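Starting from the known structure of chain A, fit chain B onto it as the hints suggest.
These protein sequence lines map, in sequence, to chains A and B. Residue 7 is where the first sequence starts when you use the working numbering, and the numbers rise one by one after that. Residue 78 is where the second sequence starts when you use the working numbering, and the numbers rise one by one after that.
Since the hints were derived computationally from the structure, they do not count as laboratory data. This one's a predicted model, so the numbers in the text were calculated from it and none came from an experiment. The reader is advised that the hints may include incorrect statements.
As the list claims (entries may be wrong) - Straight-line distance between alpha carbons at most 25 angstroms, and here's what the computed DSS-like set of lysine-lysine pairs gives:
#1 A:Lys328 with B:Lys257
#2 B:Lys337 with A:Lys175
#3 B:Lys337 with B:Lys229
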Amino acid sequence: MSMQLEKATTWFNSIRSKSIGQILIDGRALFALIAIIIIFASLSPNYLTVDNLLIMSKHVAINALLAIGMLLVILKGGIDLSVGSIVALSGIVAGYLIRGVQIPGTDLVAYPPLWAVVIIALAVGSFVGYLNGILITKFRVAPFIATLGMLYVARGVALLIADGKTFPKLQGDPALGNTGFRVLGQDTFLGIAPGVWFMVVVAIFTSLLLTRTAFGRRLYAVGGNERAAGLAGVPVDRIKRLVYVFSGFTAALTGIILASELTAATPQTGETAELNAIAAVVIGGAALSGGRGNIRGTILGAFVIGFLADGLVIIGVSEFWKMVIKGSVIILAVAIDQAQQRTVTAKKKDKAAAESRKTSSSRGDKTKTNA
Amino acid sequence: MLKKSLAFLGAAVLALSLSACAPAAVEEEAATTGGLIAIITVDQANPFWQAEAETAKAEAEALGYTTTVADHKNDPTAQDQLIDTAIASGAVAIILDPAGADESIGAVQKATDAGIPVFLVNAEINVSGVAKSQIVSNNAQGAAIGAEEFAKAMGQSGEYVELFGNPTDNNAGVRSEGYKSVLSQYPDMKNVGKEVANWDRAQGKDKMDSLLQAHPKIKGVIAGNDEMALGAIAALKAAGRTDVVVGGFDGNGDSAAAVKDGSMAYTVLQPIVTLAKMAIAQAHSFLTTGATGVADEKQSVDCVLVNPDNVANYTFWAIG
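Just chain A, with the same shape it has in the complex (with noise of 0.2 angstroms):
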């Protein structure tokens, strides 16, 4: 047992140490995210200016947040596709609670402070991926179907919530106490908006979760082989129910921050959310199957998406081509990382081949000195 433990620690140790190919499959991310800027800086002026920028980065934070909590999901080799409404529900649960919760059986409304509002919408989030985790490792449901169905739920509910209408006018009044909402979307810090502040903190906080504590590196060998690191110890339902937590709790934080950008919250908010999610995990170098990718790869991911998703605005293209070049460029961005994942593989089987070689004829060597 604790050989297999050992195997899986040198196995992780092998993904942290960088090998060519993973520098490589980070640097493509890197050079396509190049070539965007350069490509949309010379056909605009209006592209490479700060004040791009800065939009820019506040649209890629949203889909960033989302990527990081899909990341976790995907390197336990599952998929979390209500991300999307998990944005909605905990968006329209800030905004139910900021317009006031009627008290049953009073004529009294409650105003909860913003504290509680923000606290209770990202429990609610976190509540949704724990339900996830829960059917995925109590029920066996599949990742794929347990999450569809919670796509439709958490959508439902949050158009039960709402009524199918918006929560509009969400700034607060100084007379209850519940003002300050757009802090979360709208106040700058140092001119840049909060979504990339929160973006940068979850992704400083992740990638330290994922590369120094023993959470990371059982979650790298749960997605690596789920099997193995059961029977080398790892609490595998444990780790695969705090994953789906994690990318609630991102969602809903998501919510909040669009919730706040909008000062409305809408009960469509962030439909197909979860496909831009999972788009900039696999840019990123992340592998569907689990065991691969992280936080660095993830967030380039997602700043090609935007920052070619923009760019595309920027110089007026039809929105039926940006359609298609989006979907072209996720499809070429995977195709190479499969040509390069080839070429590592067939690199390190050749060593692999080369050394257990050498092995047997030098103990070949030795039995012959023996004898």
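Showing chain B alone in chain A's frame:
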């Protein structure tokens, strides 16, 4: 411990919200002998279609009918299935906001063949004599009066951008063409960017963010509906731009409030409540007398401009 308390908190919030919705569910059980009217709309998550569905439901129930309300989300296949369900459940009439002018012909024909009269609201189909009534708001006329007001608010000169609805929805094109035909008559006004924002507020905001970067000199934004216009207003506010004229379309409650506080120059009210009431009245007339009581199958109702002059008279989807 933390996990448990999180779970409890989440469950409490869910329970709270569910109990808040409970009274609405009870209302639906007002069973009567009038028969079932199936109301099929586009998407009740949008306040416009919600007003359409709710008006039709309330009017029908006041006349003693039971109702079902369903969404087809502009998907002809879903629409076809909902028509099948309405036929199977023995509906006496169908009120339909059709999903596409050509795509919906077969579904309407099927219901008519099954002996169920169909009354179309808000959008039409490309044949006559199949549906009993086709009651639409005049989108072209609405776009024209909106564009005139937009030109006036911009002082008939300057650069502007346009936010376009869902390209697969006929009305997106009709409104955009209507804007173009009016605004192209003003030589000093220039459309410098047209972006699809799919009728959606969040997309309207994101596209406006980028359009402001690409065209910092713009003086106006004309949107295909109110949700996109409200998104554009959020983007303009974030950029500290108060000098940009914003025009909407639909006339929902949020946009009327925006016209009132000055952040939106105008919106064009679609008389959706009137349309839904007309459809139910004609269905009732047809079911009781055998005729809709209206000479023409295709009926077009004009849109109304909502601007600071008359916004004080705005009530739920109507100018009083």
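Going through the hints against the structure:
1. A:Lys328 with B:Lys257: It holds: about 23 angstroms lies between the C-alpha atoms, which stays within 25 angstroms.
2. B:Lys337 with A:Lys175: 14 angstroms, holds
3. B:Lys337 with B:Lys229: 18 angstroms, holds
Comparing the model with each numbered hint stated earlier shows that all of them hold.
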